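Asker: Spelled out from the first residue to the last, the chains are:
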Amino acid sequence: MIESLRLSWHIVVRNWTVYRKDFLANISPTLADPSLIMVSLGLGLGPLIHDVNGRSYLAFLAPGLVATTALFTSFFESSYGFYVRMTYEAVFKAMLTTPIGPREVVIGEYLWNFIKGAIMAFGVCLVLFAFGLMPSLWMVLPAALIGGLISIPCAAMGLISSSYIHNINQFQTVYSFLIAPIYFLSGVFFPIESMPRLFQILIQISPFSHGVRLMQLLFWEQLTWSALAWHGGMLIAFGVILGLWSNVRIHRKLIA
Amino acid sequence: MNVIEAHGLTKAFGKFEALRGVNLTVARGECVGLLGPNGAGKSTFIGILYGVTDRSGGELRTFGLDPRTQSREVKKRLGVVPQENALDEALTVTENMRLFARFVSLPESKIDARIDELLRYMALEHKKDNPIRALSGGMKRRLAFVRALLAEPELLVLDEPTTGLDPSVRHLLWQKVGDLKRQGKTVLITTHYMHEAEVLCDRIVILNQGKIVDEGTPRALIERHTPGFVSIYAGVENLEEKLKALLPSDWVLYKQQDNWCVRAPSLNALVDFQKATAMSPLQIRPSNLEDVYLKLTGEELSQND
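Just so you know, the sequences run in chain order A and B. Numbering-wise (our numbering), the first sequence opens with residue 1 and increments by one. Numbering-wise (our numbering), the second sequence opens with residue 1 and increments by one.
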């Protein structure tokens, strides 16, 4: 197990080495997207909404955008990114001639997604703090941790779809029918409590909704141990179940 | 001890049977060449050796280990040069080597020296900071070759090592494979170049449609299947009829593309035949491994064989 983790860590190092070569180009969309949403929805639409559960729309929106960053970072990394590494760049073809096996490839991808999701959440938090939308700077650390946790089930969705699709354009379908609904319906843009009871129950099957809620409770200084246990537990449970599924799928993809 | 031992090895991809009962052993220090047409099962066999392809049936041991369950242990002891290089295009030469050195658990303190040594060995040190996409095909191949040597493997697997390379790079690689043989390494090579197999390999195994059709030293295979000398004829009217009319019954006549080939037991016999027929062949040459290959893989369209 120790050796597995050590080998998986080298995959993180590999991805980081590639990533840092175009660091600015890689990181700017991650920071630009939430800023755009802040401007268009927060500043443009916000004044039309008096208050959401006692706070401005901008303050309501902010934590969800941190969570969203983790969702998109990890999904795109583990779908397009992983698929290109697997199919066009034959990165794993060479790796698999070394002591690295398919399990280490999968663990490596999760480690990488966790770290990347955490770093991106961290970065967005700093931007939000600069705009006065994060109550205190210390929150940046737990927010990064939640960002990392969100990344695990979201990366799993990317890896699992990578194992099913037959060409790279099919990720568009996955995006439209899985990721976009998760993004729009998990409570980033509106309070889930204002929706019908059935919706509130059904949305619990979106791992992302638990991440959004955790981030909101953190930002709004309402986090309790029981909320942490429930939403954190759900995120981890989804992470484990989807992670194991992706492990089986990717194994079949890499070992003929 | 044998480095590779396969008994009744089979592999099916859906309905396609890539390997149909392969028995093959490779002893320590041996250099074995796997020959066969595309789709004969060469790469499948290699994949099964180190566990990236799962066998369907039969037995296979590499270093006495089962690559299905002990793949990591197997892979610690072998180096593979894959057909398509599979270099990390986004990284530089040194970055590729350094990452790989970590994958194969080279001690951190030895990595830089080992990389320098190997790049110098392949005359690549002047390219060490270049990205892979800036390298020529021959340089990429040389890099993939030394990458496989990082951990000083006991067994080196070369999947079509010189396909698409110019002759000078090919000779350089042959020379390096020779070095490895002298160091007592075991080498398994797949190739489509008969000359390469003859130059490098102690033993040749010919695969066709998932089965071994024969194996032996290049000399023994030629003696067994296509002994003697070959005259090649072309550009004569009614060539087939003329040759057939005069051909001794124990000789062989076959067509290769537009040429007719006559194989006889000795050079003198062919020279006499040339006088008797009053037809000059394009070429008279000793029978070679390519003749054996074409015959055994059914690509020689035999007329009276």
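Keep in mind that a hint or two might mislead.
Said to hold, decoys possible - Here are some, though not all, of the chain A residues that point toward chain B, as calculated from beta-carbon distances under 10 Å:
1. Val13
2. Thr17
3. Glu193
4. Leu242
5. Gly243
As the list claims (entries may be wrong) - Quick list of in silico lysine to aspartate or glutamate cross-link-like pairs, DMTMM-like style, CA-CA up to 25 Å:
6. A/Lys93 x B/Asp272
7. A/Lys93 x B/Glu160
8. A/Lys93 x B/Asp54
9. A/Lys21 x B/Asp66
10. A/Lys93 x B/Asp202
11. A/Lys253 x B/Asp179
12. B/Lys255 x B/Asp214
13. A/Lys253 x B/Glu17
14. B/Lys127 x A/Asp33
15. A/Lys21 x B/Glu73
16. A/Lys253 x B/Asp159
17. A/Lys253 x B/Asp116
18. B/Lys255 x B/Asp272
19. B/Lys242 x B/Asp214
20. B/Lys127 x A/Asp22
21. A/Lys21 x B/Glu17
22. B/Lys176 x B/Asp54
23. A/Lys21 x B/Glu5
24. A/Lys93 x B/Glu5
25. A/Lys21 x B/Glu241
26. A/Lys93 x B/Glu198
27. B/Lys140 x B/Glu89
28. A/Lys93 x B/Asp159
29. B/Lys128 x A/Asp33
30. B/Lys140 x A/Asp33
31. B/Lys181 x B/Glu30
32. B/Lys140 x B/Glu154
33. B/Lys128 x B/Glu89
34. A/Lys21 x A/Asp33
35. A/Lys93 x B/Asp214
36. B/Lys76 x B/Glu5
37. B/Lys128 x B/Glu95
38. A/Lys93 x B/Glu89
Everything labelled a hint here was simulated from the structure, so no lab data went into it. Treat the numbers as computed from the prediction; the structure is a model and nothing was measured. Ideal Cβ positions, reconstructed from N, Cα and C, are used throughout, including at glycine.
Asker: Each hint should be assessed against the structure and marked as holding or not.
Answerer: Each hint tested on the structure:
With its C-beta approaching chain B no nearer than about 7 Å, A/Val13 sits inside the 10 Å limit, and its interface hint holds. Restraint check, A/Thr17 versus chain B: the minimum CB separation of about 6 Å is within 10 Å; hint holds. Residue-level restraint check for A/Glu193 is violated (minimum Cβ-Cβ distance to chain B is 46 Å; threshold 10 Å). Checking A/Leu242 against chain B: minimum C-beta separation of about 25 Å lies over 10 Å; hint violated.
A cut of 10 Å between beta carbons decides the hint on A/Gly243: the least distance to chain B is about 21 Å, and the hint is violated. Taking the CA atoms of A/Lys93 and B/Asp272, the gap is about 56 Å. The hint is violated against a cut of 25 Å. At most 25 Å may separate the alpha-carbon atoms for a hinted pair to count; A/Lys93 and B/Glu160 meet this at roughly 16 Å. Distance check on the hinted pair: A/Lys93 and B/Asp54 sit about 15 Å apart at the alpha-carbon level, within 25 Å; holds.
A hinted pair counts as satisfied when its Cα atoms are at most 25 Å apart, and A/Lys21 with B/Asp66 does not qualify at roughly 40 Å. A distance of roughly 29 Å separates the Cα atoms of A/Lys93 and B/Asp202; the hinted pair therefore is violated under the 25 Å criterion. Between A/Lys253 and B/Asp179, the direct Cα distance comes to roughly 37 Å. Violation of the 25 Å bound is thereby established for this hinted pair. Distance hint between B/Lys255 and B/Asp214 is fulfilled; the C-alpha atoms sit about 23 Å from each other, no more than 25 Å.
Taken as a hint, the A/Lys253 and B/Glu17 pair is honoured in the structure, with Cα atoms around 19 Å apart against an allowance of 25 Å. As the CA atoms of B/Lys127 and A/Asp33 are separated by approximately 39 Å, the hinted pair breaks the 25 Å bound. Using a Cα cut-off of 25 Å, the hinted pair A/Lys21 and B/Glu73 is violated, with the two alpha carbons roughly 34 Å apart. Distance check on the hinted pair: A/Lys253 and B/Asp159 sit about 21 Å apart at the alpha-carbon level, within 25 Å; holds.
Proposed proximity of A/Lys253 and B/Asp116 is contradicted: the alpha carbons are some 35 Å apart, above 25 Å. For the hint pairing B/Lys255 with B/Asp272, the CA-to-CA distance comes to about 21 Å; that is within 25 Å, so the pair holds. Pair hint B/Lys242 plus B/Asp214 does not hold up; C-alpha atoms about 34 Å apart against a cutoff of 25 Å. The suggested pairing of B/Lys127 with A/Asp22 holds, with an alpha-carbon distance near 21 Å, which does not exceed 25 Å.
Simply put, A/Lys21 and B/Glu17 have alpha-carbon atoms about 44 Å apart, too far for the 25 Å limit, and the pair is violated. The suggested pairing of B/Lys176 with B/Asp54 is violated, with an alpha-carbon distance near 31 Å, which exceeds 25 Å. Simply put, A/Lys21 and B/Glu5 have alpha-carbon atoms about 45 Å apart, too far for the 25 Å limit, and the pair is violated. Pair hint A/Lys93 plus B/Glu5 holds up; C-alpha atoms about 24 Å apart against a cutoff of 25 Å.
With a CA separation close to 70 Å, the supplied pair A/Lys21 and B/Glu241 exceeds the 25 Å bound. Restraint check for A/Lys93 and B/Glu198: not satisfied, since their Cα atoms lie roughly 29 Å apart, outside the 25 Å limit. Proposed proximity of B/Lys140 and B/Glu89 is supported: the alpha carbons are some 10 Å apart, at most 25 Å. For a cut-off of 25 Å, the pair hint linking A/Lys93 to B/Asp159 stands: about 13 Å separates their Cα positions.
At most 25 Å may separate the alpha-carbon atoms for a hinted pair to count; B/Lys128 and A/Asp33 exceed this at roughly 38 Å. A threshold of 25 Å between alpha carbons decides the hint, and for B/Lys140 with A/Asp33 the separation of about 39 Å lies outside it, so the pair is violated. Distance restraint check for B/Lys181 and B/Glu30: the Cα-Cα separation of roughly 8 Å lies within the 25 Å cut-off, and the hinted pair is therefore satisfied. A C-alpha spacing of about 23 Å is found between B/Lys140 and B/Glu154, which places the hinted pair at or below 25 Å, so the restraint holds.
Between B/Lys128 and B/Glu89 the alpha-carbon distance is near 14 Å, which keeps this suggested pair within the 25 Å criterion. Restraint check for A/Lys21 and A/Asp33: the C-alpha separation of about 21 Å stays at or below 25 Å, so the hint holds. A threshold of 25 Å between alpha carbons decides the hint, and for A/Lys93 with B/Asp214 the separation of about 31 Å lies outside it, so the pair is violated. For the suggested pair B/Lys76 and B/Glu5, the alpha carbons sit about 18 Å apart, so the restraint of at most 25 Å is met.
Distance restraint check for B/Lys128 and B/Glu95: the Cα-Cα separation of roughly 9 Å lies within the 25 Å cut-off, and the hinted pair is therefore satisfied. Pair hint A/Lys93 plus B/Glu89 holds up; C-alpha atoms about 13 Å apart against a cutoff of 25 Å.
In the structure shown, a violation is registered for the earlier hints numbered 3, 4, 5, 6, 9, 10, 11, 14, 15, 17, 19, 21, 22, 23, 25, 26, 29, 30 and 35, in ascending order.
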